[in-house]
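J.: Each protein sequence line maps, in turn, to chains Z and L. Following the working numbering, the numbering of the first sequence begins with 982 at its first residue and continues without gaps. Following the working numbering, the numbering of the second sequence begins with 821 at its first residue and continues without gaps.
Quick caveat, the hints were computed from the structure, so don't treat them as lab data. Please note: incorrect hints may appear among the correct ones.
Some chain L residues close to chain Z (C-beta under 8 angstroms, calculated; not the full set) [what the hints assert, rightly or not]:
no.: 1; residue: Phe-875
no.: 2; residue: Leu-877
no.: 3; residue: Phe-881
no.: 4; residue: Met-883
no.: 5; residue: Ala-888
no.: 6; residue: Thr-901
no.: 7; residue: Pro-902
no.: 8; residue: Leu-936
no.: 9; residue: Met-1008
no.: 10; residue: Pro-1009
no.: 11; residue: Asn-1020
no.: 12; residue: Tyr-1052
no.: 13; residue: Trp-1055
Have a look at the derived ranges for each label pair, beta carbon to beta carbon [what the hints assert, rightly or not]:
no.: 14; chain 1: L; residue 1: Tyr-1080; chain 2: Z; residue 2: Val-1007; range: 25 to 33 angstroms
no.: 15; chain 1: L; residue 1: Tyr-1080; chain 2: Z; residue 2: Phe-1079; range: 12 to 20 angstroms
no.: 16; chain 1: Z; residue 1: Asn-1557; chain 2: L; residue 2: His-906; range: 15 to 23 angstroms
no.: 17; chain 1: L; residue 1: Glu-903; chain 2: Z; residue 2: Ile-1487; range: 53 to 61 angstroms
no.: 18; chain 1: Z; residue 1: Pro-1474; chain 2: L; residue 2: Phe-875; range: 38 to 46 angstroms
no.: 19; chain 1: Z; residue 1: Thr-1237; chain 2: L; residue 2: Asp-966; range: 44 to 52 angstroms
no.: 20; chain 1: L; residue 1: Pro-947; chain 2: Z; residue 2: Ser-1473; range: 49 to 57 angstroms
no.: 21; chain 1: Z; residue 1: Phe-1079; chain 2: L; residue 2: Phe-849; range: 23 to 31 angstroms
no.: 22; chain 1: L; residue 1: Ile-885; chain 2: Z; residue 2: Asn-1557; range: 58 to 66 angstroms
no.: 23; chain 1: L; residue 1: Phe-875; chain 2: Z; residue 2: Arg-1614; range: 52 to 60 angstroms
With a straight-line Cα cutoff of 27 angstroms, these simulated BS3-like cross-link-like pairs (lysine-lysine) come out [stated by the list, open to error]:
no.: 24; chain 1: Z; residue 1: Lys-1511; chain 2: Z; residue 2: Lys-1028
no.: 25; chain 1: Z; residue 1: Lys-1546; chain 2: Z; residue 2: Lys-1573
no.: 26; chain 1: Z; residue 1: Lys-998; chain 2: L; residue 2: Lys-1035
no.: 27; chain 1: L; residue 1: Lys-894; chain 2: Z; residue 2: Lys-1435
no.: 28; chain 1: L; residue 1: Lys-896; chain 2: Z; residue 2: Lys-1440
no.: 29; chain 1: L; residue 1: Lys-894; chain 2: Z; residue 2: Lys-1512
no.: 30; chain 1: Z; residue 1: Lys-1362; chain 2: L; residue 2: Lys-897
no.: 31; chain 1: L; residue 1: Lys-823; chain 2: Z; residue 2: Lys-1362
no.: 32; chain 1: L; residue 1: Lys-825; chain 2: Z; residue 2: Lys-1553
no.: 33; chain 1: Z; residue 1: Lys-1555; chain 2: L; residue 2: Lys-899
no.: 34; chain 1: Z; residue 1: Lys-1440; chain 2: L; residue 2: Lys-1035
no.: 35; chain 1: Z; residue 1: Lys-1440; chain 2: L; residue 2: Lys-894
no.: 36; chain 1: Z; residue 1: Lys-1555; chain 2: L; residue 2: Lys-894
no.: 37; chain 1: L; residue 1: Lys-1035; chain 2: Z; residue 2: Lys-1435
no.: 38; chain 1: L; residue 1: Lys-899; chain 2: Z; residue 2: Lys-1362
no.: 39; chain 1: Z; residue 1: Lys-1435; chain 2: L; residue 2: Lys-825
no.: 40; chain 1: Z; residue 1: Lys-1553; chain 2: L; residue 2: Lys-897
Where a beta carbon is used, it is the ideal one built from N, C-alpha and C, also for glycine.
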Amino acid sequence: MNIFAGILGLLNIDAFKHDLVQYFGVAAMTLTGVFVVLALTYFKKWKWLFSEWLTSLDPKRIGVMYIAVAVLMLVKAGTDAGMMRLQQSISVGSNQGFLKPSHYQQVFSAHGTTMIFFAAMGLMFGLINIGVPLLIGSRDVAFPFLNSVSFWLFVAGMLLLNTSLAIGDFSGAGWLAYPPLSELQFSPSTGVDYWIWSLQIAGVGTLLSGINIIVTIIKNRAKGMSLMKMPMFVWSVFGSMTLVIFAFPILTVTITLLYLDRLLGMHFFTGAGGGNPMMYVNLIWAWGHPEVYILILPAFGIFSEIVATFSRKRLFGYTSMVWAIWAIVLLSFTVWLHHFFTMGSGGDVNGFFGIMTMIIAIPTGVKIFNWLFTMFRGRIKFASPMIWFMGFIILFSIGGVAGVLLAVPPADFQLNNSLFLVAHFHSMIVSGVLFGYFAGLTYWFPKIYGFSLKDEIGKYAAYFWIVGFIVAFVPLYILGIMGATRRMNHYSPSLGFQPLFIVAGIGVLIIGAGLFIQVIQIATSIRDRKKLQDKTGDPWNGRTFEWSIPSPAPEYNYAILPVVKERDQFWKEKQNQSNKSHKKFKDFYMPKNSYLGLVIAFFAFSLGFAAVWHILWLFIFGVVGIIVVVIIRSLDENRDLLVTFNDLSRADQLAIRNEQ
Amino acid sequence: MKKIKLIFIIILPLLVIYIGYLYLKTVNFAVLNPKGEIAAKEKNIILFAMMLSLFILVPVFVMLITFAFRYNEKNKKAKYTPEFDHSRIFESIWWGIPTILIIILSIVTWQSSHSLDPFKPISSTKPTLNIQVVSMNWKWLFIYPDSQVATVNDLTIPINTPVNLEMTSDAPMNQLWIPQLAGQIMCMPGMVTHLNIIGNTAGTYRGVSSNISGKGFAGMSFKAHVTSDNEYKNWISQARKSQNVLNLKGYQELNVPSEYVPATYYSYASPGLFSYIYNKYMGPASDNISTGMAY
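Start from the sequences and build out the full structure, keeping to the hints where you can.
T.: Here it is in structure tokens:
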């Protein structure tokens, strides 16, 4: 095979030929892009966008950009979910539905990939960027420029994935692309390469972020904040990022090997030539299972902050919670085989991994009881984050119990790869991860923007999501028990699946309505932002000291860095005014904006696109470009700006004068 | 206003559940409706684990709802202890009780992982029937080595007879699932797995592939017939009358991608065919793979 052929590689006119449904998607994507460009030009916002946002190294702004991209991807992958349910609602008997089988495969592969890597991970890193520096009393992350590079690599990966919609096709091998189906023999198009390279690029960004955040937590904590005084969210992020550092290199290597199989005809995972596809399955789950905990731990952390704040009570069992997090971190690397008991490893191996999986349920259960006892004898305010919390506890417990059931190998033999399994992991990822992130978004929104979101509308959004989730996924639990497998684009009417698929489709619509209400919530809150302004900086009667500074938090977070004496420092200060520490203001440095992260992402995208289409010159262009930019940045010594008293925000100046 | 809310919160869900119940009475819950010993045991384990989980779910839901009502900020009479954040007794309870439940479930897991290992032959007074299974793009090939017949998308087995399915794949990975007879096991190229099943009630059951293997995946369903011994013998002799022969040439003609393949019968299947199929992936990579040089 010609590896790197010609000026355009494998790219030719066929890559732009699609069916009607796909053209519709391309048109929607292009029109959205054109609309955004026109709007920016019309309102003359390009310069503002570039200098205030795209080049910003402020973790809060990077966080907001992460969230914006993630929400876009949530909508896109949600549309995929709608298409899947629509197909399954109508594709019965003689009706083949509106998606061709190969297109249907691409839709569910893209749904999973986008949701995990670009929606969930994006929301997670957004909230980590916003939350962690504030909660540990730091002005920035440890490596601000690296943070920007991570974000832009995430964007480059996202763009590459979405390019597959217009140019060529996407992988049809599922979100984990098991070989041999993902090998060249069975997936000859460049779809799997798009999958590999969008994950590869975003994955490197994730790994860099993981290192960055861990160093931030270890090195940048406020004076006096020993590890056991850290807010629980910071602990959970610490655990999650530890998993990132250990798990993501496995992903990088595994999909590199898969790419070598496809590019150079090697035989790591092929059926033939001494390769072994099950090696891939082992490796991908050695990353994939920790990945689930990477996503869920920060959500646990957010709920820990929220339930304490809204119960007006200290978090119950802090030490237990910390141990539970680290038990989960450790155990999550010992359970990967439970994803394929059906490989037939025998009683000893299956029994071992089954039991290890169940053991994880213990620390998770402990966390749930600790949250419940944080509510016990509290004064609970049912603002919308608490509604998300209530929904989370109910749905996540059910999903967790389904997970323990699936951990028993003989039960798994019956339910593996059925829709029961699909319903189980959506219980974890939607009602665990997403609900947690939505709660966190509502919770920290005023600190970032200076005004609160309308809480009544937020509650309705939560109700719609919770009800929608039940309507969409209870039928899937039932379907799984009826023997419906996942990823079917067509089935026989005699099975009686159709009504349940239709109900599940209605559930997706209700969830869509919930998402729409959230959009309305944000839009009307922006319109009424004057009325909703957060004047005190402490809208929820908070406990941690991000609520001690004015909203919106200034770029440097804290004019005077806090000194920590105990957990829930700010709560104590509010109770006992004399406890407040008086410190003098000192000048400090903040990093200057840099557009080089954006440039690195441009080269990374070129590199990825070249690798997908086998365009040699573009590949070299990308690699050399990245190296040159890194050298340029390394030689730049003028990276920081001195911030003096006069540069502080007026609120901070006033506060400091008052104290002296 | 309050009445409307009440209708929405209580009556509407009840109505939905009732309609759902009426509908679900008419359908077949394959996993909970086993027709063989293995599936029956697997069902019992599923039900046992579900029961056990109620020990966690019920307290969690009860506490969540009680606490939510009792300690709502509107209820000023409720006790409020903002500094109460630790209790050795309480925490011992919820490290302890889940641990006990998991120990119980672990014992069940360890035992059942061994007793219900799909590779383990089923003990019976009748001799075990061996059937070789090949998942192909996109159909199932069943070879009956003892009778030397073969079928595509039709698995017929005699009642109360332990059956050992020897499985491999000549395509991407698939996973064989006949929910009413036994759980799933993967079929992988170059490897042989075993799935021991038994049918204790005569009837026709649905079998599928549960692992995505390409565009024809949804059409990889087949019928598994459990028949009496006499019917089985008739079925074999019926299959022997077929014009089709599954020698290497016949196999190569079959081994092209096809979808929604109707049940097809072969009066003869070469004895070495199955080992040829999984062995062809074992040698050095060459373009000869599909031409059968090794055979």
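J.: Now tell me, hint by hint, if it's right for this structure.
T.: Cross-check of the supplied hints:
Interface hint at L/Phe-875: violated, since its Cβ lies 10 angstroms from the closest Cβ of chain Z, which is beyond the 8 angstroms cut-off. Because the smallest distance between the Cβ of L/Leu-877 and any Cβ of chain Z comes to about 6 angstroms, under 8 angstroms, the interface hint for this residue holds. Hint on L/Phe-881 holds. Least Cβ distance to chain Z is approximately 7 angstroms, under the 8 angstroms limit. The closest approach between the C-beta of L/Met-883 and any C-beta of chain Z is roughly 5 angstroms, which is under the 8 angstroms cut-off, so the hint is satisfied.
Look at L/Ala-888: its Cβ gets to within about 7 angstroms of chain Z, closer than 8 angstroms, so that hint holds up. Below 8 angstroms, beta-carbon pairs count as interface contacts, and L/Thr-901 has one with chain Z at about 5 angstroms; its hint therefore holds. Hint status for L/Pro-902: holds, given a least beta-carbon distance of 5 angstroms to chain Z, under 8 angstroms. Below 8 angstroms, beta-carbon pairs count as interface contacts, and L/Leu-936 has one with chain Z at about 4 angstroms; its hint therefore holds.
For L/Met-1008, the interface hint holds, since its Cβ comes within 8 angstroms of a Cβ in chain Z; the closest pair sits about 6 angstroms apart. The beta carbon of L/Pro-1009 comes within 3 angstroms of a beta carbon in chain Z, closer than 8 angstroms, and the hint placing it at the interface holds. Because the beta carbon of L/Asn-1020 sits about 17 angstroms from the nearest beta carbon in chain Z, more than 8 angstroms, this interface hint is broken. A cut of 8 angstroms between beta carbons decides the hint on L/Tyr-1052: the least distance to chain Z is about 24 angstroms, and the hint is violated.
Interface hint status for L/Trp-1055: violated, as the beta-carbon distance to the closest one in chain Z is roughly 23 angstroms, over 8 angstroms. With their beta carbons about 31 angstroms apart, L/Tyr-1080 and Z/Val-1007 fall inside the hinted range of 25 to 33 angstroms. A beta carbon spacing of about 19 angstroms between L/Tyr-1080 and Z/Phe-1079 agrees with the range 12 to 20 angstroms that was offered as a hint. Under the hint 15 to 23 angstroms, the C-beta atoms of Z/Asn-1557 and L/His-906, about 21 angstroms apart, fit the expected range.
A C-beta distance of roughly 47 angstroms is found between L/Glu-903 and Z/Ile-1487, which places it outside the suggested range of 53 to 61 angstroms. Separation of Z/Pro-1474 from L/Phe-875 is about 40 angstroms and conforms to the stated range, judged on CB atoms against 38 to 46 angstroms. Judged by the Cβ atoms, the range 44 to 52 angstroms given for Z/Thr-1237 and L/Asp-966 holds: they are separated by roughly 47 angstroms. The hinted range of 49 to 57 angstroms is not satisfied by L/Pro-947 and Z/Ser-1473, whose Cβ atoms lie roughly 35 angstroms apart.
Under the hint 23 to 31 angstroms, the C-beta atoms of Z/Phe-1079 and L/Phe-849, about 30 angstroms apart, fit the expected range. The supplied range of 58 to 66 angstroms is broken by L/Ile-885 and Z/Asn-1557, whose beta-carbon atoms lie about 35 angstroms from each other. Range check, L/Phe-875 to Z/Arg-1614: Cβ separation about 57 angstroms, and the 52 to 60 angstroms hint holds. Proximity of Z/Lys-1511 to Z/Lys-1028 is assessed by CA-CA distance (about 25 angstroms); at most 27 angstroms being required, the pair is judged to hold.
Proximity of Z/Lys-1546 to Z/Lys-1573 is assessed by CA-CA distance (about 32 angstroms); at most 27 angstroms being required, the pair is judged violated. In summary, the hint linking Z/Lys-998 to L/Lys-1035 is supported, as the alpha carbons are separated by about 19 angstroms, within the 27 angstroms threshold. Of the supplied pair hints, the one linking L/Lys-894 and Z/Lys-1435 holds, its CA atoms being roughly 21 angstroms apart against a limit of 27 angstroms. Taken as a hint, the L/Lys-896 and Z/Lys-1440 pair is honoured in the structure, with Cα atoms around 23 angstroms apart against an allowance of 27 angstroms.
Distance check on the hinted pair: L/Lys-894 and Z/Lys-1512 sit about 25 angstroms apart at the alpha-carbon level, within 27 angstroms; holds. At roughly 15 angstroms between alpha-carbon atoms, Z/Lys-1362 and L/Lys-897 fall within 27 angstroms of each other, so this suggested pair holds. A C-alpha spacing of about 24 angstroms is found between L/Lys-823 and Z/Lys-1362, which places the hinted pair at or below 27 angstroms, so the restraint holds. Restraint check for L/Lys-825 and Z/Lys-1553: the C-alpha separation of about 40 angstroms exceeds 27 angstroms, so the hint is violated.
Our distance criterion of 27 angstroms between C-alpha atoms is met by Z/Lys-1555 and L/Lys-899, whose separation comes to about 22 angstroms. At roughly 42 angstroms between alpha-carbon atoms, Z/Lys-1440 and L/Lys-1035 are farther apart than 27 angstroms, so this suggested pair is violated. Proximity of Z/Lys-1440 to L/Lys-894 is assessed by CA-CA distance (about 18 angstroms); at most 27 angstroms being required, the pair is judged to hold. At most 27 angstroms may separate the alpha-carbon atoms for a hinted pair to count; Z/Lys-1555 and L/Lys-894 meet this at roughly 22 angstroms.
For the given pair, L/Lys-1035 sits about 47 angstroms from Z/Lys-1435 by alpha-carbon distance, which is inconsistent with the 27 angstroms threshold. At roughly 15 angstroms between alpha-carbon atoms, L/Lys-899 and Z/Lys-1362 fall within 27 angstroms of each other, so this suggested pair holds. With a C-alpha separation of about 21 angstroms, the suggested pair Z/Lys-1435 and L/Lys-825 falls inside the 27 angstroms cut-off, and the hint holds. Straight-line distance between C-alpha atoms of Z/Lys-1553 and L/Lys-897 comes to about 24 angstroms, which keeps the hinted pair within the 27 angstroms bound.
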